[in-house]
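Make a model of the complete structure from these sequences and hints.
Residue numbers (this note's numbering), protein chains in the order written: chain A, 4 to 278; chain B, 4 to 278; chain C, 4 to 278.
The hints are simulated quantities; they were obtained by calculation from the structure and are not laboratory data.
Please note that a few of the clues may not be correct.
Identical chains share a label here; the pair holds if one copy fits it or two copies do between them.
What the hints assert, rightly or not - Simulated pairs of lysine-lysine, PhoX-like, Cα-Cα distance not exceeding 25 Å:
1) Lys188 to Lys102
2) Lys188 to Lys212
3) Lys102 to Lys223
4) Lys65 to Lys223
5) Lys51 to Lys102
6) Lys219 to Lys189
7) Lys188 to Lys223
8) Lys100 to Lys44
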Amino acid sequence: SSLESSSQVEPGADKKSTGYETLMMTLEDGITKIVFNRPTKKNAINTKMYDEIMRALKAASKDDSSLTVLTGNGDYYSSGNDLTNFTDIPPGGVEEKAKNSAILLREFVDCFIDFPKPLIAAVNGPAVGISVTLLGLFDAVFASDRATFHTPFSHLGQTPEGCSSYTFPKIMGPAKATEMLVFGKKLTAREACTNGLVTEVFPDSTFQKEVWTRLKAFAKLPPNAMRISKEVMRNSEKEKLHAVNAEECSVLQGRWLSDECLNAVSNFLSRKARL
Amino acid sequence: SSLESSSQVEPGADKKSTGYETLMMTLEDGITKIVFNRPTKKNAINTKMYDEIMRALKAASKDDSSLTVLTGNGDYYSSGNDLTNFTDIPPGGVEEKAKNSAILLREFVDCFIDFPKPLIAAVNGPAVGISVTLLGLFDAVFASDRATFHTPFSHLGQTPEGCSSYTFPKIMGPAKATEMLVFGKKLTAREACTNGLVTEVFPDSTFQKEVWTRLKAFAKLPPNAMRISKEVMRNSEKEKLHAVNAEECSVLQGRWLSDECLNAVSNFLSRKARL
Amino acid sequence: SSLESSSQVEPGADKKSTGYETLMMTLEDGITKIVFNRPTKKNAINTKMYDEIMRALKAASKDDSSLTVLTGNGDYYSSGNDLTNFTDIPPGGVEEKAKNSAILLREFVDCFIDFPKPLIAAVNGPAVGISVTLLGLFDAVFASDRATFHTPFSHLGQTPEGCSSYTFPKIMGPAKATEMLVFGKKLTAREACTNGLVTEVFPDSTFQKEVWTRLKAFAKLPPNAMRISKEVMRNSEKEKLHAVNAEECSVLQGRWLSDECLNAVSNFLSRKARL
Chain A
4 SSLESSSQVE PGADKKSTGY ETLMMTLEDG ITKIVFNRPT KKNAINTKMY DEIMRALKAA
64 SKDDSSLTVL TGNGDYYSSG NDLTNFTDIP PGGVEEKAKN SAILLREFVD CFIDFPKPLI
124 AAVNGPAVGI SVTLLGLFDA VFASDRATFH TPFSHLGQTP EGCSSYTFPK IMGPAKATEM
184 LVFGKKLTAR EACTNGLVTE VFPDSTFQKE VWTRLKAFAK LPPNAMRISK EVMRNSEKEK
244 LHAVNAEECS VLQGRWLSDE CLNAVSNFLS RKARL
Chain B
4 SSLESSSQVE PGADKKSTGY ETLMMTLEDG ITKIVFNRPT KKNAINTKMY DEIMRALKAA
64 SKDDSSLTVL TGNGDYYSSG NDLTNFTDIP PGGVEEKAKN SAILLREFVD CFIDFPKPLI
124 AAVNGPAVGI SVTLLGLFDA VFASDRATFH TPFSHLGQTP EGCSSYTFPK IMGPAKATEM
184 LVFGKKLTAR EACTNGLVTE VFPDSTFQKE VWTRLKAFAK LPPNAMRISK EVMRNSEKEK
244 LHAVNAEECS VLQGRWLSDE CLNAVSNFLS RKARL
Chain C
4 SSLESSSQVE PGADKKSTGY ETLMMTLEDG ITKIVFNRPT KKNAINTKMY DEIMRALKAA
64 SKDDSSLTVL TGNGDYYSSG NDLTNFTDIP PGGVEEKAKN SAILLREFVD CFIDFPKPLI
124 AAVNGPAVGI SVTLLGLFDA VFASDRATFH TPFSHLGQTP EGCSSYTFPK IMGPAKATEM
184 LVFGKKLTAR EACTNGLVTE VFPDSTFQKE VWTRLKAFAK LPPNAMRISK EVMRNSEKEK
244 LHAVNAEECS VLQGRWLSDE CLNAVSNFLS RKARL
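This is the structure:
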């Protein structure tokens, strides 16, 4: 089907990109909207979705939009890395799996570091793991009061990614960053806003309306001024962010082969299988 | 008149510096007070005032005061860059104007980066543009609850200055900094305090009394300890701040010649002329 | 007595380290607890205690614990540097005293910068001076609502240490950091939490219970994941922190010989003697 071809566009559907299995993507009113679209999987990010998000960001960076918005379809924003990714072991074994995963993760996060236009998250519901950590690389984060922010890395024997080991302490200080990234505290939207991770919180009942009213107003501002403002704000730490990303991925590659991680993920998957 | 001579001092007026057209400057109780004094223009900063603020800061850095305070006369703290600056085009045309403005701006902001004593803003009313962005280079910011903080750069086709592209994300995180610097959100004093830009907010009715009570108490502390504490806190990022300032000014020089900016400023000035 | 020998352990007391005069140290439930134990001196840190804290941290870094917790015995967390340290002048005079103190301080703060496991403060009561500034190097800070945070450096003719000249502006922005470090504002636990210095505040009546419930839960998480997470979060600024520490100590060495400092400390000690 056309969903499996990578860039076919239906005649007359110039505002909607097809060719994505795990995403919906539209361009309207100067805004490119990328929607995580695996609602029955709580928008967990599997390998396919990592690839498609990268492809979508690359397309958005070159299209006519002024702003790019990421959001989730259904109850969740995103439940983070799909842990079934861990079960798909290649012929080279777990070492090769860990190496490939680290390469993919690094490339994925680099796309967010380098994204040239204002990048906005509309966090419609719970966010977990990498969907939380990446928010430190966004330019604005609007959250429903139904959203939560949870990074249980230690619980899974893992360590922070998405540059959060650098961005979170910078945004909220180490005392709050450690609570999230090391001790796995789940934050409410209000707490995440107080900590500086979230720009503004809205009641869930008016979330979509209020966010899109704001976004449409922003999209009418001079696009070059916005793009260049972001560039000036971000450029001075881009090199640092790429180095942090490389280091985080290298550390995680080791973690994924550790007993702590293998046991924790295996327990998680068997608990899930029993449900 | 004596206002136009640059350093004459009236006999017996040793506490009050004359020689400023756009400022008032006094030294009392160990505190040098520099007052933006174009109240009928909402203390907009024209070329003369840029020059005089630099001169006043250089004088304050060498005088006997322990602390230097900036504040505004009248309803406004400062409405920022006087946009009529844009209408005064030299023989070399807009390119020369943009170049000269970038040089002036860079030199102006450098004075704040290098100011050696604790520098305090008493924000008595609305602050706009560069009068807001510079606050990231101050050591303390006291605000009336009548103050607002507004940086509508994108609206004018422009980009952040005053090192705010660096200081604002550092102070409040990118999610809040972008809201101000890219999307032009106007903050209340309370919001600016929550974001870390403002030290403390006071009811307007007691603002002057409470702020000056505090300032006079601070001015009795050992002056070298305060000056050296500031030095230790600021020195490690001074080089970075100068680089950021240079980059911001260079980017703005390009912006001032862009259609986005020229159209936006021209619209602003003609709306203003119609009022 | 056994208190003066450095590492003797009583038979059957394998969880409790003896050999400390100014501290209590235990290892239980995977948590090493280091308790400031000069309650009649408000846990002021004298030279002996500086040495013992370093020794305790070195032991904790190598023991079987996952987490290390610092707290105070009695009403205070710690009243900071014991100012009677200033009265113990060696044969080489005040210059030698200042030099030795700077060397000790630098070595002491380096132990906190380099501590490899999650380091948590349980701030049971008022904290003053270096016991406050060091909190910027902790990974989590839990505070009783009876705790206060006070750094009256300028009042004593001194300047910030413990890397606070770098960590405090990073955590809370210069407007709030200067208020504490230069103007000596005493913060409530709630204010310190809003500023990002404190992770969470608890009512004093339930402080111990709630904090230790949390800590025991954290201590069950995979220890390597926690240790490596901290490493990733801290490593990228470790070099910077050591440089800041060296600079702060060098500046303080000069301060300790200044009239401002000698007069202020002498006044403090004579006021205290009169009480």
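Now for the hints, and whether the structure bears them out:
1. Lys188 to Lys102: Intra 29 Å, inter 44 Å, cutoff 25 Å: neither.
2. Lys188 to Lys212: between (30 Å within a copy, 18 Å between copies)
3. Lys102 to Lys223: neither (44 Å within a copy, 29 Å between copies)
4. Lys65 to Lys223: within (18 Å within a copy, 48 Å between copies)
5. Lys51 to Lys102: within (17 Å within a copy, 50 Å between copies)
6. Lys219 to Lys189: Between copies only: 18 Å across, 31 Å inside.
7. Lys188 to Lys223: Result: close only across copies, 14 Å inter versus 38 Å intra.
8. Lys100 to Lys44: within (22 Å within a copy, 58 Å between copies)
When the structure is compared with the earlier hints, violations turn up for hints 1, 3 and for no others.
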